[in-house]
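I would like the entire structure built from these sequences, with the hints used as guidance.
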Amino acid sequence: MFIGPPGAGVATAIGCMLFQFGGIPMNMMELFHREKITRYEEVPDKLAALGISPSFNIPGYRIEILDSSSEEKADCTILVTSPDVSWENDMTSTIAMGASDKMIVLVNKMDMYESGEAFQKIEKEILDYFISLGKDVTRVLIVPVSSASEANYVEEPLRSSWYNENSMGSATVLSALTSVLA
1 MFIGPPGAGV
11 ATAIGCMLFQ
21 FGGIPMNMME
31 LFHREKITRY
41 EEVPDKLAAL
51 GISPSFNIPG
61 YRIEILDSSS
71 EEKADCTILV
81 TSPDVSWEND
91 MTSTIAMGAS
101 DKMIVLVNKM
111 DMYESGEAFQ
121 KIEKEILDYF
131 ISLGKDVTRV
141 LIVPVSSASE
151 ANYVEEPLRS
161 SWYNENSMGS
171 ATVLSALTSV
181 LA
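All residue numbers for the sequence shown refer to the UniProt record's numbering, where the first residue is 1 and numbers rise by one.
No false leads were slipped in.
Distance windows between CB atoms, simulated: (1) Gly60 / Glu117: 30 to 38 angstroms; (2) Glu125 / Lys36: 36 to 44 angstroms; (3) Thr38 / Met112: 14 to 22 angstroms.
Everything labelled a hint here was simulated from the structure, so no lab data went into it.
Glycine residues also receive a C-beta, built at the ideal position from the N, C-alpha and C atoms.
Given below as structure tokens:
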């Protein structure tokens, strides 16, 4: 299940994951090309309009992306946020409801920041916030990404040495998913 405040790039993150992890069949790619769908953020809406539930595979797992209004219990919740949006008030009820015990936080738009200070600041805010809700933060993986440029989804980018040096936990979205679902 994906959640996130407006402007954080939830749709872009979903579209990026679908392309990065092979969730778009060739006939869909041809349709996107014909209809001039060129941005990741357009993909989830188009799939929904066609009645297609987004899904993809990672080694050992098939991932189905649930709508946040789904009645099904998600194995993992992915919160997409970014340093330039306010997320606390928008997320309180969703996070407090305990969408799932396992959470991955994607701090999106990190390509706009040269150092790790913005990431470290939001990482601390997120962990403090989860602690205030009584969440077990040992089950929360926080990964800086740039959905627009595909950074940190499959491979670690060269630009973010601050993250590689200071990070605890998973370095990419792929490794975070594999770790959480294991």
